[in-house]
Amino acid sequence: MEIRYASHPNEVKSFDTSRLRKEFLIESLFTENQLNLTYTHVDRFIVGGVLPVNGSVKLDADKKEMGADFFLERREIGIINIGGAGTVTVDGTSYDMETKDCLYIGLGAQDVTFSSKDSSSPAKFYFNSAPAHKQYPTVKASISEANPKHLGSIANSNERTIYQFIHGGGIQSCQLVMGLTMLKPNNMWNTMPCHTHNRRAEVYFYFDMPEDGVVFHYMGEPQETRHLVVRNEQSIISPSWSIHSGVGTSNYTFIWGMAGENQIFDDMDMVAMKDLR
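If you read the sequence shown in the UniProt record's numbering, its first letter stands for residue 1, the second for the next number, and so on.
No lab work stands behind these hints: they were computed from the structure. Do not rely on the hints blindly, as some may be mistaken.
[Unchecked claim] Here are the simulated lysine-lysine pairs, DSSO-like style, with alpha carbons at most 27 Å apart:
id : residue 1 : residue 2
1  : K184      : K13
2  : K184      : K149
3  : K149      : K63
4  : K140      : K117
5  : K58       : K184
6  : K100      : K64
7  : K149      : K58
8  : K64       : K117
9  : K184      : K100
10 : K13       : K58
11 : K140      : K184
12 : K64       : K22
13 : K117      : K58
14 : K100      : K117
15 : K22       : K63
16 : K63       : K100
[To be verified] Ranges between beta-carbon positions, derived for each pair:
id : residue 1 : residue 2 : range
17 : S56       : P193      : 18 to 26 Å
18 : D16       : D69       : 39 to 47 Å
19 : P193      : D16       : 39 to 47 Å
20 : N186      : E11       : 35 to 43 Å
21 : N186      : N36       : 43 to 51 Å
22 : S14       : K117      : 21 to 29 Å
23 : N36       : D69       : 18 to 26 Å
24 : E65       : I154      : 15 to 23 Å
25 : N54       : D212      : 29 to 37 Å
26 : D69       : I154      : 35 to 43 Å
27 : G168      : D212      : 23 to 31 Å
28 : K22       : G55       : 18 to 26 Å
Each residue gets a CB set at the ideal place from its N, CA and C atoms; glycine is no exception.
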């Protein structure tokens, strides 16, 4: 498990590209038959990925860093499959996961394993985890069961659909909010006009990008913006004080996860375009 510490916005102003990438970009999430975990002190979020090719991979706790006997002893988790068909088994109950299916697992589940249906087309499970204080039931939802919100326009190059999985009106959780956004062809911008939300942090995970495609992800305080070049299947940690927006060289899909003080999706501090610097 890699550990990332929180950074003050005044400090981030002086970061060069290398330091920005080291602090906020997660470049590698999928290694065959291995659990990859990044623990950030930003709202104590854990970002992870697992690519089970042969057999199953267990969701193990890092006892030294987490101080827990099992991963979900004091946590909840949201999982979205971005690869081939797979299975997540939770305390003996199996949940078949097609691409873009979501599974929420609540506090207290002890034995969680990941596997693929076909090793030649393995599943890729991306997940977000946050601390939890109450147990909610394990729930699976396909993308057709998510709550869709259609936003943007082709005129602004940001026509997209937001699919809400874990949220106040959908799968219930303690504090985790999670879903994915799909941009329509010929649209490149996400979350612009941009916003911050001081009551919760957010993590983006970009995927469904061509091999030579990139997203220029914008972060920082609205008057001190910075950018990071993000490639396919990479993730960005966004502290509560930072904007989180991006433009790609083509359309793409991204998973967003939030954790913090409240779960109200529309609780945002909007930033006027004229105020960006």
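Index of numbered hints that the structure contradicts, given in increasing order: Hints 1, 3, 5, 6, 7, 8, 10, 16, 17, 19, 21, 22, 24, 26, 27, 28 are the ones this structure does not satisfy, whereas the remaining hints hold.
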